[in-house]
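Residue numbers (this note's numbering): 37 to 450.
FYI, nobody ran anything at the bench for these hints, they're computed from the structure. Be careful, since some hints might not be right.
[Unchecked claim] In silico PhoX-like links for lysine-lysine, alpha-carbon gap of 25 Å or less: (1) K324 <-> K253; (2) K344 <-> K253; (3) K324 <-> K257.
[As the list claims (entries may be wrong)] Label pairs and their in silico Cβ distance ranges: (4) F152 <-> T65: 39 to 45 Å; (5) E249 <-> E313: 41 to 47 Å; (6) L57 <-> T229: 28 to 34 Å; (7) D319 <-> K183: 34 to 40 Å; (8) L262 <-> V383: 33 to 39 Å; (9) E249 <-> P408: 15 to 21 Å; (10) G352 <-> E249: 32 to 38 Å; (11) P309 <-> N228: 38 to 44 Å; (12) F152 <-> V383: 27 to 33 Å.
Quick caveat: nothing in here was measured; it's all calculated off a predicted structure. Beta carbons are placed, not taken as given, at the ideal position from N, Cα and C, and that holds for glycine.
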Amino acid sequence: MEVFSFALFFIKATWWFVTPLILFSIFRTSWLYWREVAYHDSLKFTLLEIRLPQEVLKTPKAMEYVLVGLHGVWDELKFRDIWIKGEFLPMLSLEIAGSGGDIHFYIHTESKLKSFVESQVYSQYPDAEILEVEDYTEQIPPNMPNKDWDVWGTDLTLTREGAYPLRTYEDFEEMVEERRLDPIASIAEILNTLRPGEHIWIQFIIQPDEDLEKLRKEGEKVIAKLLGRKTEAEERKGLAATTAGSLIEQLTGGTEEEKKENVWDAPEFRLTPGQREVLKRIDEKTSKVFFNTLMRFVYIGRKDVFSKTYVGAIFGFLRQFNMYNLNSIKPNSKTLPKRSFIYFRKVRGHFRKMRIVWRYKLRLPLPGDITPMSMLNVEEIATMFHFPGQIVKAPVMPRVESRKAPAPMGLPIE
37 MEVFSFALFF IKATWWFVTP LILFSIFRTS WLYWREVAYH DSLKFTLLEI
87 RLPQEVLKTP KAMEYVLVGL HGVWDELKFR DIWIKGEFLP MLSLEIAGSG
137 GDIHFYIHTE SKLKSFVESQ VYSQYPDAEI LEVEDYTEQI PPNMPNKDWD
187 VWGTDLTLTR EGAYPLRTYE DFEEMVEERR LDPIASIAEI LNTLRPGEHI
237 WIQFIIQPDE DLEKLRKEGE KVIAKLLGRK TEAEERKGLA ATTAGSLIEQ
287 LTGGTEEEKK ENVWDAPEFR LTPGQREVLK RIDEKTSKVF FNTLMRFVYI
337 GRKDVFSKTY VGAIFGFLRQ FNMYNLNSIK PNSKTLPKRS FIYFRKVRGH
387 FRKMRIVWRY KLRLPLPGDI TPMSMLNVEE IATMFHFPGQ IVKAPVMPRV
437 ESRKAPAPMG LPIE
């Protein structure tokens, strides 16, 4: 009773201060979302299909270089750009789509970036063919799910902080083509078994971060935490608050005997080989260019052929990239189409299925930051999205019929 009385007294005493802060926060979020939607609606988009040459002898390293080039869409946004115009840095959607046994690779981009994206792909895959195509997501009925069609999909997120890496292509055997295991092989086989009326779409929405050092700073925090140290920012703050006398004492560190004891007592000397490997992998990840990345997949099928075994197969594909002492991919429980809802179970499940298909088509994150974008570097993204080599023998993967010859010199440029 006393606690209740105190809470009531606290609310009465602070409502005039707390209420405006809450209302301002709601207004701020709503305003930014409204401006970003208006800006997004003003953009024009293009869907590019990449058709592979008969022989892809390159490793996923080539796609890593493509992604490094695509990071060039980064730009500096001013206050007016963000809060008045609603601008945000360009988002590119890397997509693997299977429909009725066919497999296709797509890049969804703003129309003004079409030539830029094509040039980056051609720089590493000069024999590929890039076509501007109609949106394949429009091939299904607009009101999904319905009495004839069912849906299962989810957003994906990481189990730990973004500084912890996933398994990458360098962990899949050696990089010699004949001895390399390609993680794309498993999803290619899954998509090849789809029957007419079944679709599996896998999407990686990538966007540069305004802070290019964000991943490195995150890595420094994690490493400092693992070593029991303070970050550079915390050390600077501590030094500023330290008196001159204590600073001298800290610099001298006591007697020579105490110094030796402190050196050998450092955390580095107490690390196990496994912990050293974790620190090494974190350092390697944070040294590369990264994107804020949203991962999701959707399985759509007519009810007469719909089979949830494909959902398990897709999760099997994703588990290849899990390293349980580092990082793993998991479904975001807030986006799963079926949960143990207490109220309106069927209605809420149906709404979530509609929402995941709708946002997939828009190539946008869910509103309200339901699924925060994960920090993945170019090596991790290239591992999950790259063009398979000759070791992947998917029978219905479209490839360019013949090798393209280079254009003759001296052609006029329009």
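Do the hints match the structure? See the list:
1. K324 <-> K253: 13 Å, holds
2. K344 <-> K253: 41 Å, violated
3. K324 <-> K257: At roughly 17 Å apart (the allowed maximum being 25 Å), K257 and K324 satisfy the hint.
4. F152 <-> T65: 39 to 45 Å: The hinted range 39 to 45 Å is violated for F152 and T65, with Cβ atoms some 32 Å apart.
5. E249 <-> E313: 41 to 47 Å: 24 Å, violated
6. L57 <-> T229: 28 to 34 Å: Violated, since L57 and T229 (Cβ atoms, about 55 Å apart) do not stay within the stated range.
7. D319 <-> K183: 34 to 40 Å: 54 Å, violated
8. L262 <-> V383: 33 to 39 Å: 45 Å, violated
9. E249 <-> P408: 15 to 21 Å: 19 Å, holds
10. G352 <-> E249: 32 to 38 Å: With a Cβ separation near 36 Å, G352 and E249 satisfy 32 to 38 Å, so the hint holds.
11. P309 <-> N228: 38 to 44 Å: Taking Cβ atoms as reference, P309 and N228 lie about 41 Å apart, which means the hint holds.
12. F152 <-> V383: 27 to 33 Å: Violated, at about 44 Å.
Violated hints for the displayed structure, listed by number in ascending order: 2, 4, 5, 6, 7, 8 and 12.
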